[in-house]
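Chains as they are written, first to last, in the numbering used here: chain A, 159 to 435; chain B, 159 to 435; chain C, 159 to 435; chain D, 159 to 435; chain E, 159 to 435; chain F, 159 to 435.
Simulated from the structure, these hints should not be mistaken for laboratory data. A couple of the hints might just be wrong.
Since copy identity is lost for identical chains, a pair holds within one copy or between any two.
Derived BS3-like pairs: lysine-lysine, alpha-carbon spacing no greater than 27 Å straight-line [what the hints assert, rightly or not]:
#1 K201 - K417
#2 K201 - K430
#3 K426 - K201
#4 K430 - K417
#5 K266 - K201
Here is what each chain is made of, one letter per residue.
Protein chains: 6
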Amino acid sequence: MAEAASAPAASAFNGALHRHAGGPLVVTRDGDILMVGLDRQAKRNAINDSTIEALDECFSTIPDDVRAVVIHGIGPNFSAGLDLSEISERDVTDGVFHSRAWHRCFEKIEFGRVPVVAVLKGAVIGGGLELACAAHIRVAEPSAFYALPEGQRGIFVGGGGSVRLPRLIGVARMSDMMLTGRSYSAAEGVGLGFSQYLVGEGEGFAHALDLARRICGNAPLTNFAVIQALPRIADSDPRVGYLMESLISAVAQGDREAKTRVRAFLEKRAAKVTRPD
Amino acid sequence: MAEAASAPAASAFNGALHRHAGGPLVVTRDGDILMVGLDRQAKRNAINDSTIEALDECFSTIPDDVRAVVIHGIGPNFSAGLDLSEISERDVTDGVFHSRAWHRCFEKIEFGRVPVVAVLKGAVIGGGLELACAAHIRVAEPSAFYALPEGQRGIFVGGGGSVRLPRLIGVARMSDMMLTGRSYSAAEGVGLGFSQYLVGEGEGFAHALDLARRICGNAPLTNFAVIQALPRIADSDPRVGYLMESLISAVAQGDREAKTRVRAFLEKRAAKVTRPD
Amino acid sequence: MAEAASAPAASAFNGALHRHAGGPLVVTRDGDILMVGLDRQAKRNAINDSTIEALDECFSTIPDDVRAVVIHGIGPNFSAGLDLSEISERDVTDGVFHSRAWHRCFEKIEFGRVPVVAVLKGAVIGGGLELACAAHIRVAEPSAFYALPEGQRGIFVGGGGSVRLPRLIGVARMSDMMLTGRSYSAAEGVGLGFSQYLVGEGEGFAHALDLARRICGNAPLTNFAVIQALPRIADSDPRVGYLMESLISAVAQGDREAKTRVRAFLEKRAAKVTRPD
Amino acid sequence: MAEAASAPAASAFNGALHRHAGGPLVVTRDGDILMVGLDRQAKRNAINDSTIEALDECFSTIPDDVRAVVIHGIGPNFSAGLDLSEISERDVTDGVFHSRAWHRCFEKIEFGRVPVVAVLKGAVIGGGLELACAAHIRVAEPSAFYALPEGQRGIFVGGGGSVRLPRLIGVARMSDMMLTGRSYSAAEGVGLGFSQYLVGEGEGFAHALDLARRICGNAPLTNFAVIQALPRIADSDPRVGYLMESLISAVAQGDREAKTRVRAFLEKRAAKVTRPD
Amino acid sequence: MAEAASAPAASAFNGALHRHAGGPLVVTRDGDILMVGLDRQAKRNAINDSTIEALDECFSTIPDDVRAVVIHGIGPNFSAGLDLSEISERDVTDGVFHSRAWHRCFEKIEFGRVPVVAVLKGAVIGGGLELACAAHIRVAEPSAFYALPEGQRGIFVGGGGSVRLPRLIGVARMSDMMLTGRSYSAAEGVGLGFSQYLVGEGEGFAHALDLARRICGNAPLTNFAVIQALPRIADSDPRVGYLMESLISAVAQGDREAKTRVRAFLEKRAAKVTRPD
Amino acid sequence: MAEAASAPAASAFNGALHRHAGGPLVVTRDGDILMVGLDRQAKRNAINDSTIEALDECFSTIPDDVRAVVIHGIGPNFSAGLDLSEISERDVTDGVFHSRAWHRCFEKIEFGRVPVVAVLKGAVIGGGLELACAAHIRVAEPSAFYALPEGQRGIFVGGGGSVRLPRLIGVARMSDMMLTGRSYSAAEGVGLGFSQYLVGEGEGFAHALDLARRICGNAPLTNFAVIQALPRIADSDPRVGYLMESLISAVAQGDREAKTRVRAFLEKRAAKVTRPD
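Just chain A, with the same shape it has in the complex (with noise of 0.2 Å):
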């Protein structure tokens, strides 16, 4: 399969293919990882109404013992975003409720129970993008490229990219992209605070599994913290979110695994944090 190199080889995991098989989704686990692959190929798995349903599906049905996500493409695309052949029917008040069933499920990655990481290559467009932004850790191969030709179509965002592109690289960054359709490169985007990683073609999806494995390791309630608190804290005004910091930081530090971890660190059992290579 020419997504050999990039993708889930069932093999390579414990874990079995257990959903959507022949769907819009590849769903397989990696003890206590999830990955969740786009898969519609033929259509560089942009996404329609049924992939909006299984991804909805899926991440409100996580499994307990789950502690991270990995979401990707299948093939040479991550997805080159909302499938425009389903759009031309709808009159304006479905187009209201369409695009909150995506917020809707987009929300469900955002601000689920585990973290989530995508891995990115080829298109990475419009809804595509939108997707990408729902996650919290972006992992780029060189191929990625980033665009929003809304603009030229005549429509506008509504995955929530609107909400979430622009605090990642600022409002003036969207708006040229809509406004003269300029795609950005995998290179670029790290730059500009869309990637947190850039790695070699094909490397990705290793990458976001070793990086899912780190997150596993950390205390759930920090996790918890990090997706909950954190991005509420920042919108916040300051003294609204110091109080919540105070909170946050107290309960997790009263947490039984707090302890136990703070006692090993002291205790000079746990790992030290690392230069920078």
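Got chain A sorted already, so can you dock chains B, C, D, E and F onto it with the hints?
Frame of chain A, contents of chains B, C, D, E and F only:
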């Protein structure tokens, strides 16, 4: 003339010079595009009250068939900022109303009917930097440099710079510029998020015109949404932002223009997204 | 002493060592500038309760004739963060009040009377990173590295890091640091927007002092406005921000100091803005 | 049955008792209207975990043909609040997730698909008061009284009361209730802005049903806009709110339903506004 | 004429009828005060496009020597709201721009140069209620009643009502009005916080004029601060609000006008505060 | 003494007069309660710089065993506001810092360690009204009246009134007070939401003391949460507010004090909620 290469020579445009030929602005047309040139070269295009009045009138009366604006400086500089010779006589109350007049004018640029592209070269200082911030896209030539010498003069930005510049480069960098008088180069400015483009010396105007032509090719409703809705969504709390996005995207999709363009795309008659070079 | 090159040797300053000589801080004077050195080298300048108390007292009692502060670490590190040996005994309620004490202290640094420049080298980790965030300008030496190992320890930042760090580098990068334990280098930190300066190893302190001297040369009212008004304007909705800017800029312009300085500028007696090198 | 006067007797409705007949909720139908009755009379309808689960399931699965909900207490009380017998065993971390479960449930009430009318009588205390706050309209009988005894118990509201109640009666009055244990009467509650209606004893349910019928007569898109958009607009800065209002009002006006209704009005076939009695 | 008692008879004023005599507005002067009367009595002063245009022009060109405005309805009603006969032909995109035109117009009333007092009687419905919300002071006669029949018509407020009315009476009461079609009486409106005054039938205009005269007697800078700064401070987070208040109060105190008035007060030449009757 | 009926006579308290006996404040103790009396009767308790200094010192040094504060005016008035005789000499820059000193002082009242109850009678004007706003509970006697004569004097509130008063009575009513000089009576003040209690003349102090005693009986952590968290939650967007509420309620529930109190309640050893009279 020294600026011939980078400023609009009359012969290069279909439109005719039609306003303020001898004043602080030179305003010309090229099809759908209005070109607004600051022209107080003896003062390095410093902005005095009559510049503000002329800009305000210009952006208040953009012809209905204009779909994009390019703003630029005639001569080697974009603008050296507020003309300080005017401020010495003002009392505090006057100062408040003076700053409010700048705000009104620059808001007409930022929240007007059409996108605005600024061409930056030479001095982009103080009030000139604030004016540049009000545009939607900034194209820099290598000669451009950015500074806020307000601290040395004992004053403070009054043209919206404290609102707009932190959204581009962050509060910390702007604080440093004001506290230490530091200036940034055109090349640094791209990395900081201040300008979205860096082009060759003398190529800024042509590049801006090219971007403006692409903007003119968009559906007007998308351009409206990018200018009016995107910055407001980005400033809002996410719950509000998502609902606004659902509404504006549904309105855009439902518009006749979008229906036509999406059909063209589905029938392979529209340009596809291209990878960045 | 090993830190001689980068820390203040007594003979290098006009001021005398006047406080906390044997404690967690070494505080010295150089004219208008107060220099605050963290000095718990055996613990890599980890911050314990007495450090917080000493910092709080120091920033609560800045002499009237001090116009800028430089904060730095004695020895090879800025600070390795919260001294974890102190947290094991605290219950949750205590934890809340403990974090509030850090917040009160660091707010005195950020919203005090004078600008603060931090010199970063070696470990800038956890609570040390949080302390660095409270300064207005950060100067990094190449040895500096940044990490938030809270996830590995099962805890969460409690010194304002969740409020201040996302405003510098964005929520997504901070999330990655906390979820994966990633550390960033000094060179990366400039691009991220964390430090505004990267200088040669051992040159940080002198560079910070030079910046502090420039700050001392500004009108005090501009410095006040940059520290107090700018971050609040940037956090506000634009309508509020513009009005605040109009008011503070009119007050600054109306001050005697500004009148004197603007006149000096108009009479060519003041330094002009210079291009960046 | 003691509650016969004020609660739905099976024979009074077209719909049949179809869920939770023996559990904490009694759910019945009357045409377009769903009626949800709290039924733990021995505990004055105190809310325990199974009540929250049942409410969550009920509001997650509102049938498509339901257009309004009435929520009420079976017996003499609406609800005496959180069942304190459940909290003694929880640790702090559990407590956070417990409160989050209440929030999720009550958000389904407030931001569900249809408007919710609450009937208040007898004890409306603590968590019961919080539940009442999640409805859109509150109808009180004279026996209703409101209190937040959390201060005396050493706890704090955890069902969204600190978010919703200040929006109804202001922070100062809520602070007084929590600090002093003060209770307010049904008559006072109308003046404070807590309930919108005060009716005769035993008349609350019928009045709520009457209001629900009027709600069912509205265009669904207006009801959606009132529930989803209005509170978000009200919470936003005005620039954002105005744009959202423009969008939602244009979408509503453009909907077929509005076209029909406005035509009926213009042709004098629709009811006119009547003066209040 | 039936409205003679409560509307301005030409002979009652020093100023002359000078604009729009036959149009939707009757605009007159009385010294410093401009009186703007809605005059489409056959339609109960329903607001059509030409009313909005006339109001926009009127509030865009308030003479420099006018210091307060009274807005009122000629005839027995203030205004029955949006003239629905105009909306049937509009598509969604038109609808957005139509609502934006109302917003622009009403913002000129609320954030204009001078305070505006509205006189309310008879129908104050839908768009008429929205117009009343844009004034700073509302004086009601007993005949006034308030309703938002948008739900029954299938539409939504589009003249800023969703922004301004919740700030006066709360979201919950406004939701009830829209969901159930409820109307409130003039007497109820005072308790709700909608109007600040309730006077005898036919006495509203004279009372408004009296209030306007008191407003004309204030220092213009205080009036500016109340109109421009107060609502923005109230909408801001407190840290921002306090700083803005410090600035505007210092600017006001420093103004010559304040110096004169405070001196008059200290020398017992100014009126003291009187107890309420 | 004339104020004997309504002010603390020394013999009425267990505590002794211990500070500022001859100054602007009379501070006494009654068990857990600190009583702070304004005492510049010749000036109707107008607030001058030394009053602010004394209040600041008093609220900065509240003894650890104090659990509530009552603030009141000695003599027939609470406070007639800012002593205008002090402002004539200040320039604008001084004015900013002067207002900031009031803000710092009043923030110590509002966000101090313990709840504050204010007793209002006679003049509660300007700065006196602002001081009253900083308390958590306001008890009014019938003689109390409220006014903001700033408009007549040409000044603006500078003690936080523009932040706090709109949160109590709304922007529109405050605007009316400032624009027209209107004063409100004690009875009106309860309906407006300004004071939470209206008691008989001369009974305010005893009532406040009774409320303070109830406050002292609460768990300290609940009191902390009401003072620190509640206003911040109410000011936040709901997503942030809910998370903060979950955290603070879990921390409170987990505290030993709550465990003890909840057990007492479950074992019927604690007072139940009583209906309002």
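Against the structure, the hints come out as follows:
no., hint, in the structure
1, K201 - K417, "between (50 Å within a copy, 21 Å between copies)"
2, K201 - K430, "between (46 Å within a copy, 14 Å between copies)"
3, K426 - K201, "between (52 Å within a copy, 14 Å between copies)"
4, K430 - K417, "within (17 Å within a copy, 38 Å between copies)"
5, K266 - K201, "within (24 Å within a copy, 36 Å between copies)"
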